[in-house]
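Colleague: Each chain is listed here by its residues.
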Amino acid sequence: EAQVTQNPRYLITVTGKKLTVTCSQNMNHEYMSWYRQDPGLGLRQIYYSMNVEVTDKGDVPEGYKVSRKEKRNFPLILESPSPNQTSLYFCASSLYRDSHNEQFFGPGTRLTVL
Amino acid sequence: QKEVEQNSGPLSVPEGAIASLNCTYSDRGSQSFFWYRQYSGKSPELIMSIYSNGDKEDGRFTAQLNKASQYVSLLIRDSQPSDSATYLCAVRSSGGSYIPTFGRGTSLIVHP
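Line by line, the protein sequences give chains A and B.
Okay, so the first sequence: first residue is 1 according to the working numbering, each after it adds one.
Okay, so the second sequence: first residue is 1 according to the working numbering, each after it adds one.
Where hints are given, some of them may not hold.
To be verified - Part of the chain A face toward chain B, derived, beta carbon under 7 angstroms:
| hint | residue |
| --- | --- |
| 1 | Ala2 |
| 2 | Tyr10 |
| 3 | Gly42 |
| 4 | Asn51 |
| 5 | Val54 |
| 6 | Gly63 |
| 7 | Tyr64 |
| 8 | Glu102 |
| 9 | Phe105 |
To be verified - Lysine-lysine pairs mimicking DSS-like chemistry, simulated, CA-CA at most 30 angstroms apart:
| hint | chain 1 | residue 1 | chain 2 | residue 2 |
| --- | --- | --- | --- | --- |
| 10 | B | Lys56 | A | Lys57 |
| 11 | B | Lys42 | B | Lys2 |
| 12 | B | Lys2 | A | Lys17 |
| 13 | A | Lys71 | B | Lys56 |
Simulated from the structure, these hints should not be mistaken for laboratory data.
Ideal Cβ positions, reconstructed from N, Cα and C, are used throughout, including at glycine.
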């Protein structure tokens, strides 16, 4: 089954404790991206990647890191989480070839930073 | 800064009515337009995409695009309570990152 998976689905942590949210897709998509969604603010892009070893900042990259060592995986790293990073996070992927391709979203990770 | 604007709502319609959701965008170079539906706490799912001016129909859904006015809309005919969700408009340019810009979404409530 074609899908985007994220782990963990729910995470409660404390300020400053490094964490990683994994994202994996099995559709051989070039493009992957991370979004955070907050009430009233909609989906905001954190980072995106156009292919292996190619990443770039989105609209709200501060406090986050990403890596793209393999095509299928695009982990989101919070080196020192803070309470303002409490949010619902979505990973998404899409084909590269043209701008018509839809994005496929993972199920989301609800993160709470105390 | 590319912007996509949507009325946050909520838009409340009775069951069986037509729901009309609107979206405007700032980037004239935009080429692809998408409507996603998102239930509370769930991930967005694509329901319609449109690339050319005019109307595109798929079942009870019709997307309308007017590039001159930088306007895209979604009509839902015969609205059902199960259509109650937040509808996200997404716009993608032909160049650059190919990553779409999302609006903040419009909350739709269909009441029996």
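Colleague: State for each hint whether it applies.
Modeller: Results for each hint:
Among the interface hints, the one on A/Ala2 is violated; its C-beta lies about 13 angstroms from the nearest C-beta in chain B, farther than the 7 angstroms criterion. For A/Tyr10, the interface hint is violated, the least distance from its beta-carbon to any beta-carbon of chain B being 11 angstroms, above 7 angstroms. The criterion of a C-beta within 7 angstroms of any C-beta in chain B is met by A/Gly42, whose closest approach is roughly 3 angstroms, and the hint holds. Interface restraint check: A/Asn51 against chain B, minimum CB-CB distance 11 angstroms, threshold 7 angstroms, status violated.
Violation of the interface hint for A/Val54 is found here, the shortest Cβ-Cβ separation to chain B being roughly 10 angstroms, above the 7 angstroms cut-off. A distance limit of 7 angstroms between C-beta atoms decides the matter here; for A/Gly63 the minimum to chain B is near 19 angstroms, and the interface restraint is violated. The restraint placing A/Tyr64 at the interface with chain B is violated, with a minimum CB-CB distance near 15 angstroms, outside the 7 angstroms limit. The criterion of a C-beta within 7 angstroms of any C-beta in chain B is met by A/Glu102, whose closest approach is roughly 5 angstroms, and the hint holds.
Among the interface hints, the one on A/Phe105 holds; its C-beta lies about 4 angstroms from the nearest C-beta in chain B, closer than the 7 angstroms criterion. A hinted pair counts as satisfied when its Cα atoms are at most 30 angstroms apart, and B/Lys56 with A/Lys57 does not qualify at roughly 34 angstroms. Between B/Lys42 and B/Lys2 the alpha-carbon distance is near 26 angstroms, which keeps this suggested pair within the 30 angstroms criterion. Using a Cα cut-off of 30 angstroms, the hinted pair B/Lys2 and A/Lys17 is violated, with the two alpha carbons roughly 34 angstroms apart.
Of the supplied pair hints, the one linking A/Lys71 and B/Lys56 is violated, its CA atoms being roughly 34 angstroms apart against a limit of 30 angstroms.
When each numbered hint is compared with the structure, violations occur for hints 1, 2, 4, 5, 6, 7, 10, 12, 13.
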